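Engineer: Sequence:
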Amino acid sequence: MNRPQSMKQIRAGQLTGETRRDALAIFVRNLVRTSGTISDAEFSAIRAAGYTDAELVDISLAIAVITFTTVFNRINDTVLDFPAVAA
1073 MNRPQSMKQI RAGQLTGETR RDALAIFVRN LVRTSGTISD AEFSAIRAAG YTDAELVDIS
1133 LAIAVITFTT VFNRINDTVL DFPAVAA
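For the numbering used here, add 1072 to where a residue sits in the sequence shown, where the first one is 1.
It is possible that some hints are incorrect.
Simulated restraints on C-beta separations [as the list claims (entries may be wrong)]:
1. 1104 <-> 1126: 15 to 25 Å
2. 1143 <-> 1091: 27 to 37 Å
3. 1151 <-> 1121: 36 to 46 Å
4. 1087 <-> 1129: 17 to 27 Å
Since the hints were made in silico from the structure, they are not lab data.
All values reported here derive from a predicted model rather than from experimental measurement.
Glycine included, each C-beta is placed from N, C-alpha and C at the ideal position.
Let the sequences and hints guide you as you build the complete structure.
Structural biologist: So, in structure tokens, the structure goes:
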């Protein structure tokens, strides 16, 4: 499947049919929704998809940076200087 189509499906909360990518999307969605409090089953699922401890640290760090950036920009009323994502 092509990347733009996969991105649209992920944004819509749909599975892409790509096991590893779908596991990542589900894991990230769960992390964000629960503020990082995930079940053992959810953690096992991402590990079963082949993600390493180092990759899970990177995923968690990316979420933390995005969250910080969003809060910082909202506090400072930062003007966006890049185009909006097409639906």
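Engineer: Look at each hint and say if it fits the structure.
Structural biologist: Now for the hints, and whether the structure bears them out:
1. 1104 <-> 1126: 15 to 25 Å: Check passed, 21 Å falls within 15 to 25 Å.
2. 1143 <-> 1091: 27 to 37 Å: holds (33 Å)
3. 1151 <-> 1121: 36 to 46 Å: holds (38 Å)
4. 1087 <-> 1129: 17 to 27 Å: Once the Cβ atoms are compared, 25 Å apart, the range 17 to 27 Å for residue 1129 and residue 1087 holds.
Taken one by one, the earlier hints all hold for this structure without exception.
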